[in-house]
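Quick note, the sequences are listed as chains A and B, same order. Taking my numbering, the leading residue of the first sequence gets 1, the next gets one more, and so forth. Taking my numbering, the leading residue of the second sequence gets 1, the next gets one more, and so forth.
Hints in this document: simulated from the structure, not taken from any laboratory. As the structure is a prediction and not an experimental result, all values here were calculated from the model. Some hints here could point you the wrong way.
Cut-off 20 Å, straight-line C-alpha distance, at most; resulting in silico cross-link-like pairs (EDC-like, lysine to aspartate or glutamate) [to be verified]:
#1 Lys122/B to Glu99/A
#2 Lys122/B to Glu112/A
#3 Lys42/A to Asp166/B
#4 Lys102/A to Glu112/A
#5 Lys102/A to Glu24/A
#6 Lys31/B to Glu24/A
#7 Lys213/B to Asp278/B
#8 Lys42/A to Asp71/B
#9 Lys370/B to Asp422/B
#10 Lys42/A to Asp22/B
#11 Lys32/A to Glu28/B
#12 Lys32/A to Asp71/B
#13 Lys31/B to Glu15/A
Chain A residues, not near chain B, derived (Cβ > 10 Å throughout) [stated by the list, open to error]:
#14 Arg41
#15 Ala48
#16 Glu57
#17 Ser70
Where a beta carbon is used, it is the ideal one built from N, C-alpha and C, also for glycine.
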Amino acid sequence: MTIDELKAYGADVAEGLQRCMNNESFYFRLVKMIPGDPNFRKLYDAVAGEDFGAAFEAAHALKGSTGNLSLTPIFAPVSEITELLRARTQTDYTALITEIRKASDELARICEG
Amino acid sequence: MQEHQVTFRPSLDRRRILVIEDEPINQELLKMFLEESYDLVLAETGMEALRIIHSQYERLSLILLDLNLPDFSGFDILRQVKADARFARLPVIVMTSDSDAEVECLTLGAIDFIPKPYPQQKVVLARVLRTIELTEDRDTLHWTERDQLTGLYNKEFFNRYAAQFDIHHRDYPTDAIVLNVNHFHMINDRYGKTYGDKVLRLIAENILEIVEKAGGIAGRNEADNFWIYSPHRSDYGAILETVQRDLNGDGQSENRIRLRMGVYSDVDKELDIERRFDRAKLAADSVKDSVTRVIGLYNSSMYEAELLAEQLIEDFSVAIRERQFQVHYQPKFDVQPNEPILNSAEALVRWSHPTLGMVNPGVFISLFEKNGLISTLDQYVWSEAAAQIRQWKVRFGVTLPVSVNVSRVDLYDPELVEKLQDIVARNGLTSRDLLLEITESAYTEDAEQIIETVSRLRELGFRIEMDDFGSGYSSLNMLTALPIDALKLDMQFVRNAFTERKDTRLLEVMIQLAESFGLPTIAEGVETAEQMFTLKMMGCDIVQGYYFSRPLPAEAFESFIAARQGHEPPAEKKTYPTRRDRYIYDSLHDPLTGLYNNSGFEILFHDADHDHIAVLIADIDDYTAVKKNRGLVYVNDLVCRVAEVLRSSFRSVDHICRMKEDEFVVIMSRVTSAQKEMVYSKIETVNCALREGTDKLSPITLSIGLAFSDREQPDGDVFQDADSALRRMRGIRQAGFAEY
Chain A
1 MTIDELKAYG ADVAEGLQRC MNNESFYFRL VKMIPGDPNF RKLYDAVAGE DFGAAFEAAH
61 ALKGSTGNLS LTPIFAPVSE ITELLRARTQ TDYTALITEI RKASDELARI CEG
Chain B
1 MQEHQVTFRP SLDRRRILVI EDEPINQELL KMFLEESYDL VLAETGMEAL RIIHSQYERL
61 SLILLDLNLP DFSGFDILRQ VKADARFARL PVIVMTSDSD AEVECLTLGA IDFIPKPYPQ
121 QKVVLARVLR TIELTEDRDT LHWTERDQLT GLYNKEFFNR YAAQFDIHHR DYPTDAIVLN
181 VNHFHMINDR YGKTYGDKVL RLIAENILEI VEKAGGIAGR NEADNFWIYS PHRSDYGAIL
241 ETVQRDLNGD GQSENRIRLR MGVYSDVDKE LDIERRFDRA KLAADSVKDS VTRVIGLYNS
301 SMYEAELLAE QLIEDFSVAI RERQFQVHYQ PKFDVQPNEP ILNSAEALVR WSHPTLGMVN
361 PGVFISLFEK NGLISTLDQY VWSEAAAQIR QWKVRFGVTL PVSVNVSRVD LYDPELVEKL
421 QDIVARNGLT SRDLLLEITE SAYTEDAEQI IETVSRLREL GFRIEMDDFG SGYSSLNMLT
481 ALPIDALKLD MQFVRNAFTE RKDTRLLEVM IQLAESFGLP TIAEGVETAE QMFTLKMMGC
541 DIVQGYYFSR PLPAEAFESF IAARQGHEPP AEKKTYPTRR DRYIYDSLHD PLTGLYNNSG
601 FEILFHDADH DHIAVLIADI DDYTAVKKNR GLVYVNDLVC RVAEVLRSSF RSVDHICRMK
661 EDEFVVIMSR VTSAQKEMVY SKIETVNCAL REGTDKLSPI TLSIGLAFSD REQPDGDVFQ
721 DADSALRRMR GIRQAGFAEY
């Protein structure tokens, strides 16, 4: 994983690094924790099962952690889905879920590299 | 009882922060931000957080709370923390990405929030630091203003806030209320300081409740002095009840904690705050020893007493300068010899005030003892007395020792010994001429220091008399440790002993106790011959009191000295009589009845005030015949019965004597013919009782002759005339009385 890769990925590296006190290894360590976050699974399952309450909690948690690391590709769709779920909106979440999956898988790939 | 959080901490300590956050990434970031400057404790659930708060709240400086927790909502945690008095003061910073939640959190009591995503580290640090500092400053201020133990205002801030209260209540009447715990120092001594502190805290809590409801402020000023300044009301009883609530909850009546309350109602706002509470305190003190009254109201007589006290204090220095204080002398007689001999005198101070006249010593002496002026007064008296001793020595050739008072305050004067020596030397006397009276209660406080000073004085030849013996709380141990030369029995003690007969035994014990320590005893306040006698026979050595003389100015006192001339005192005795002389007692009392016999009568009659007595002579009717018929044993029982009836019918100040086998005499003192009816009714009582008889004794009658000292056309003395009356009566009839 490199800074450039994350930049190319779309993360706001400058902001994320700054929040991590410009400590690169610390920044990388935290970023690596994102793909494995159990809240992704929780979110997908809850949406599938239309348990909006649980889904909201998972989305909200993900919003917090990805927001703190300024991982925009995941943060953006997660934020959007959080607000929808907060309002218990009846809609088709598929597109957003797909986007989230895609972004998190991409990140996972970068982290393994 | 709730405990108050103590948050004083030296500023170099690392503060401890509780971080309540379950998301690992957020945890890591916060740790990274904070752990260099702070000790961190982490909780991942609400339950865990509450557990940590309960156990560590005293050491926590801040809580960082994420609103999204797996179990409780952050709001709930916040609410719980703020609701508990123990941790309500802990600042909480909420971390949330929801701007809506921010407002609600602040309302619930969060002090600040940190948004998500987090701001930069330095922003977070700044917010945390500012919060901790603000909270600590607030706490410091809080505790600066307040008494640590109870949380009520301390004196300084109470006064400030009271002044503020006045500004906001300018036209409203207000009350100053003082509350004290009766015998609080004893509660601390008996049950320990921890218990005492608990009591104070409970009282404070109850008081806080009152002022929160009714308005006003509350403070504590040393030990058990509680102050309330509040809007005027009239139900002071209700206040006291609330304050006492739960104090005696465990119902053990032995440990009852009692409060007393003093109220200065509708205060005069021209007075400063301290003086208002001085008045409330005066009111509280007025019920200090009352069993029935627990609330004292400041009233006009207290006001007048206060004014008088102020005037006396103000006039004191002029009084000293102008010699308004006069020393009077009361003689003290050695009563062990057959005739009492003048032994010494006690110097007593009198104040002849130019406008107030003679001021009651009880008033000014206790006043000056309280404010220390007594020292100056005492030294004045010492000087006067010493000069007077010198004068008498020169004029009469008699060196009469005079005893002077040494107050507790004087004993703490480092120059006391020098001052006394100086006075003695200046007047050409020796230290044996000035007797020092020190009160018993002075010995029970700071005993060591006082013992040292007194020992020094004795080494220099001064003799020490312990005054008011029997009124303090000294343990018997102290008697062995104390350097004293004589014991002066407390005046009240002596008086009480003679009004309740059974108490004379205690007096006897005390005299014997003194004897066993080789100490002579002096009795004060002796008023009658009977008292003097009884004391003499118990072994008391010196007697002082109205029986001999009231305190007199020096010129009037001289007659005693003149009489003493030519009566050389026995060579200085090292030991005083050590055994009670039973022989003397027996020689004055009739063995069968315990009444005085002829010899006793002679002495009593001789010593009586012949202007105010009545004498009754009573014979048992048909005594000889009864004796012949019923025998000696029977008539002895009869005589004893008559003695009993007489004793119980007459007063304790009357003397009853058995003169002959069947003749009794009663000397009634302080009586004139104005009290005729009273005397008649006593005679009637006696006769009624005797007319009844008992199961063993038949009814009998007395023939009584009566004479008053202020009778018309006296023939002989009172006794003789009473006798004539009796004889006259016998010629006519029996069973009655005749008056001369």
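Status of the hints after comparison with the structure:
1. Lys122/B to Glu99/A: violated, 34 Å
2. Lys122/B to Glu112/A: Violated: Lys122/B and Glu112/A sit about 32 Å apart, past 20 Å.
3. Lys42/A to Asp166/B: violated, 64 Å
4. Lys102/A to Glu112/A: holds, 16 Å
5. Lys102/A to Glu24/A: Violated - the C-alpha atoms of Glu24/A and Lys102/A are around 25 Å apart, more than 20 Å.
6. Lys31/B to Glu24/A: holds, 16 Å
7. Lys213/B to Asp278/B: violated, 25 Å
8. Lys42/A to Asp71/B: Holds: Lys42/A and Asp71/B sit about 16 Å apart, inside 20 Å.
9. Lys370/B to Asp422/B: violated, 26 Å
10. Lys42/A to Asp22/B: Roughly 15 Å between the alpha carbons, so the hint for Lys42/A and Asp22/B holds.
11. Lys32/A to Glu28/B: Holds - the C-alpha atoms of Glu28/B and Lys32/A are around 13 Å apart, at most 20 Å.
12. Lys32/A to Asp71/B: violated, 27 Å
13. Lys31/B to Glu15/A: holds, 18 Å
14. Arg41: holds, 15 Å
15. Ala48: holds, 21 Å
16. Glu57: violated, 7 Å
17. Ser70: Ser70/A is in fact no farther than 10 Å from some Cβ atom of chain B, at 7 Å.
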